[in-house]
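Asks: Listed here are the chains, written in short residue letters.
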Amino acid sequence: MLRPRSLLHRIHADPSGPDLGANLPGRVGPMQWVLFVTQFLNGLQFGILLFLLAAGLTLVFGIMDLVNLAHGSLYMIGAFICVSIIQATGSFAAGLLIGVPLTFLIGALVEIIALRTLYARNHLDQVLATFGLILFFDTFAHLVWGPEGLSLQLPEILDGSITLPGDIVVPAIRVTIIAAGLAVAAGLYFLVSRTKLGMLIRAGASNRTMAGSLGVDIKLLFTMVFGLGAAMAGLAGLLMTGTTSEASIGMGNDIIIQTFVVIVIGGIGSIRGAFVAAIIVGLVDTLGRSYLDQFLKLFFTQQNAETAAPALSAMLIYIFMAAVLALKPQGLFPPKTR
Amino acid sequence: MMSTVTQDPPANALARITLRNGFYGALLVVLALVPLAAQLAGAGNWTSFATQILIFAIAAVSLNLILGYGGMISFGHAAFMAIGGYSVGIASVYGLNNGFAHLAMAIGFSALFALVTGAIALRTRGVYFIMITLAFAQMVFFAFVSLEEFGGDDGLTVNSRSEFAGLIDLEREPTLYYTVFVVLLATLYLTHRIVNSRFGWVIRGARSNEARMLTLGHPVYRYRLTCYVIGGIMCGVAGFLFANYANFVNPEDAAWTTSGELIFMVVLGGMGSLFGPVLGAIVFFMMEETVGSIPIVGIYWKIFFGPFLVLVVLFAREGIDGWLVPRAVKASDAALADAIAPLARRLAAMLIDVALFALSAWLLIAVLGGWLMTLPRQPYHQDLVMIACVYVFLAGILVNHLVLPASKWRGSAGKIAMGLAVVGGDGRTLAPAQAVQRVFGQVLTIATALIGYVWMVADREHRALHDRLAATRVVVRGRLK
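Heads up: the sequence lines are chains Z and H, in that order. My numbering applies: residue 18 is where the first sequence begins, and numbers increase by one. My numbering applies: residue 327 is where the second sequence begins, and numbers increase by one.
This is chain H alone, in the form it adopts within the complex (with noise of 0.2 Å):
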């Protein structure tokens, strides 16, 4: 993971395009049409939906200067969050508009948050840094919950947006999106300046090795905090945002869950790579959206969430980033050559596996679902069959397609009735992280309109995108040597 990041730029403009450079590109064309494509779908809510995973992906990028880069794991960065928030929703009560005013609050709280509370942190190592921040995010979310004049643990209501003197009217939903899309162009280029600049290099060589930094006479404390506080500048601004965009602000902003939510997102996007933590936050929230609007299950989307985290931290660490670059293959592998699968084995496999998905699918929703229906409406005990159910579904899927091709069997069902494999470069069996790899090229191709299929078939080898992200080659097992 990490070998992306030391890398030298190449020096050719032509050679920087990558698979996930070309990706990354195309994400930031699709944000910036979101108001359009929200505008002409006539689904408003898609920009304010949007809205919100950019306020968390920025959020979530000041964390990862923090975490990723300089390796300080801190579990307390929600209280900037609050900071920022409460910097506006406070300066409204007392009548306050000024979106400058409200900025510079916003700054100057966390700043000085972040330059007490990492000045005390930083002095410690290891879990007792992970305890005390969390400790102080913990202090922020009280002393909100006790401010019975500022809403206390019910919150408060921002009557009014950020006023910025006539020039940005905060109140039209696109021209937040698109602020918001600004100040996160602003934070990544920003994040991208610091991590390569000298300062940036000494964090992330402190990271690796404290001891030798300080030999090599640089003041990794100082260096360390001012990363500290600069990183919880960047997400109180994203907190100012979020009281704009809510129009309520929560002494939940700075709960500890929030802190973890953002962990995970810079986690499952890719720890110290720069826009990791903006796919992180996309995902995110569109799981929740996606998983929680789902009747009855949407309740619970958290039962589903939580041993998902688990699978991700024990098998996928490199993040989304991570997969997005492709592993190393041999350009040719004579002993491989001969058994690859021809092209209508491969469509045979991949049918029944559709087939297999589908039937499981409609037994779930049509059957079962159809059956609690009728039931007397019992409270809970309906959910817990429910649950059970999609829990049984959701472990088929990952059986067939991540824990099949990983064993001994070499592929998922598909491919084994149909006498295929896929196998690693020699012919090897696939590592866990390969096989999820290549599955996250499939979702790729699936959500790209079946793109990297068109690949299958003009290449020699039969490999598509995931084959090509993940380094595989499915082959006849009869020809495998």
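Okay, chain Z solo, but in the shape it has when bound (with noise of 0.2 Å):
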């Protein structure tokens, strides 16, 4: 007798699809250059992606000391409320602008419900508790949108491709992505280092109990900046449904692991470190599907290297987080307040 389990735990959709780098073997012509781009743009993708959720789970953990495992569910749930508003209205722009403040709303709401309280605990419980919020957001999902899914229609100008100098073709989407991401990373730093509220972050993150003496409405400010980190996560749920085309059950769970890498490499509570992180991540574990057989057949013979590429290729990000953690045990930007 089995135990009945579910198959949530797939790899994160291949970006390159099938090694597109593994023919034309030992000559470097403008093919192989175009691919290259094109693969590093992948990455890059990739890579910005993880900042979306990165960002937010680091937030949370600088200032709140919060281990939050259900992020993932999150990115999950705003991707589902996205594409189900896009497929009700027809229009991307009212999912995206409808979705993500919804999002807010329910990461808002998840926080004052079920992890206010364990702000006091140790990070066991935070870690076992919000395990337990992903097993009801995962069945949530089931329950309310179907066990397949929900399939996501780009609109035109998105669905196409934009032909770099070069010509380097690159998805419309994953252009939009970078974009996107770029901008949100460059919003979050203008609010952070910039505003008011985020004065009151950098405050409640280098000392939440003098900020809440000086005045600071600390349960709000927190309520704020989990609802922030809820609705960057929705917002990458959006995205990678645009470049999967489907929203499906337990997408959270495959990403929030390789965020999880991200933020440790980084350095917990560092948004910079974050972001470096995040495009290192991407790049490495995106050039690394792509090239890793390239790079063994220069050490073994050519059968070896393709059976051993894959199994490699996929533990490259933990391969690095533990070289990391081995030489700095508190990430490329240990924050400095704690």
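For the record, the hints were derived by calculation from the structure and aren't laboratory data. Ideal placement from N, C-alpha and C gives every residue a C-beta, glycine not left out. Incorrect hints may appear among the rest.
[Claimed, not checked] Simulated restraints, written as ranges between beta carbons of each label pair:
#, chain 1, residue 1, chain 2, residue 2, range
1, H, Gln708, Z, Ala196, 40 to 50 Å
2, H, Ala714, Z, Leu231, 36 to 46 Å
3, Z, Gly204, H, Asn371, 56 to 66 Å
4, Z, Arg219, H, Gly804, 54 to 64 Å
5, Z, Gly229, H, Arg538, 23 to 33 Å
6, H, Pro758, Z, Ser210, 41 to 51 Å
7, Z, Ile179, H, Pro545, 56 to 66 Å
[To be verified] Counterexamples of contact, computed for chain Z against chain H with all Cβ distances above 12 Å:
#, residue
8, Phe53
9, Ile179
10, Phe207
11, Leu238
12, Thr260
13, Ile297
14, Tyr308
15, Phe317
These two chains come separately, so use the hints to put the complex back together.
Replies: Next comes the structure, spelled out in structure tokens:
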């Protein structure tokens, strides 16, 4: 009698498809460069998606000292909500403009109902309780939207592709993700370093008791920050659905672990670290999947290289993380105040 | 919770017979008789189900050594399950069916993996440790997913179970069960010896105060690593057994949800208690099996399990093991002695609660269920209504038996109606944890065919098993000073 288990844990949709760089071994022609640039952009795009998730997660950890495994659930719920609205209204913009704020509200609600009491608890309690929330949200999505998930039809302007100089053809959605992600990163930087709210966030991060006793409404601030993280996760969910054209149950579980890898490498609590680490992880993961077998062929026989490459490339970011932590146990950019 | 662990064992052997030890003794006897009972009842799948529970109990006990005693929050323990399992699976692909070789490989690879990953992970602290153990497990998961020649993410069928040179025939279900049972006993004994040795005290000391242990000159890092490796090996053996049990290995064995479930078993059973994780495993699988077998609701059992987990974390951190230790109670409480509720009123209050329960259950199943069945089967929308109603039903039970007694109302609806109140020492309102322990006592009473109520009749203060556990008394409201 086997335990009924879901097949939720698929590898995230490989943006590159089966290794495109495998043809024409040894000859570096213009074709190779085009492929490389394409893969590089894919990696960049994946990294930026990871950043959208990692920023919220690392903010929540940095300020509230909360390990939130359920961040991936907000990513999934955000995707489902946005796609539902797009399906209902037929307008991508409506999905974006209603769905993302809605995810903000859901995040705030989750914070108020379930997570507020966890701030005073230890990390084990937080991990376990937010694990419980994941189970709830996954089943909830199954219940409301059915087991098959939702498919997304992109509007024409995002569905096509863009030709960059040098005959490099990139799907428009990927360019959109890179642009949107960079815009969000810039907005977040502005918010945190230039605005009143950002000042409060920084104050809360360096000493929340002090900030509280100076009259900052810490409860409200925490809810806002959590909602902000949820909204960014929801946006990432919608954008990711744009590339895979399907919102599916458990999509958050695949990516949340990679997000954790990002914030651990970057140094938990550091947004700058999250940005750098997200780009690195995105590139390492994507380029590893396409070029690792080529690299291994330099040292091993063709057959051995082709056998080992898929396993090794799937493990690459974890090996990278282990290496970083072995050298710098606090991550690349350890926050100064903790 | 910890006081039960750190106490010196009483010198008098009779003094050791507490409710808790008696419960565990009875549990072991029941576990030893499972195949026999299954045979008599003609229910062969009981043995199979119990085998699965005990295998996960071994894994949970091994995690408890690391997590409960060592204070190392490993979120990647399931990796060892998979490593142990694939030791059997991959060997049998190459036609190697020797059980001794399988076991040696399961132990060897688990130990190696624990040594290498532990050496890196233990350099980190707190949340970094949680994340890095999670990442290492994920690495194992993806490695097995990518190994296409060994089944990839479809998993790998193990054609024949490990052969022990004709000594043990694992193909027979009862033999497999008793093998697992003996391994569980051995794991428990070993854990007991480890945590009570000098080594174990250093590990536990480092959990409460690492700096102090270092100052005393103990090499904490090395001790922790050793503890981590021992726990990993034990879990590797569980994985070896699981592959034999299921005839199948799967990357899912290393999935982080499995690690999360193992942590849940440890926490529910009681961290840092010897038998707690066994109880946690039993309750987890019982819940999964019973809720999972209810039509419609069963498909969505995790929508109940998730919030349950949150509630356990928020209100039940002592775990089941902690509930089995009666709360300290004053021998006699003069202020309460006059107010003790007479049996008849208690019975009436109970009947009201039972009637409320039965009525709402009937509304839920017969009326609502019947009505839903008549509707055209719209995918999911019916299910949504169904689950929402079950939620309301469960919330009602929760409010009646936990929230109300721990609030200023001080009793369930039946007790309020009969003018009774449940109070702790000195007539205080129950703490949430106390109310939880009282409900656990009631469940225990019901599960043991109401034996706990016999106590109530015999006792001068009419305190049943659950009142004794939670140190509560049922009193008449009006007579309370």
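Asks: Which numbered conditions among the earlier hints are violated in the structure presented, ordered from lowest to highest?
Replies: Violated hints: none at all, because every hint is consistent with the structure.
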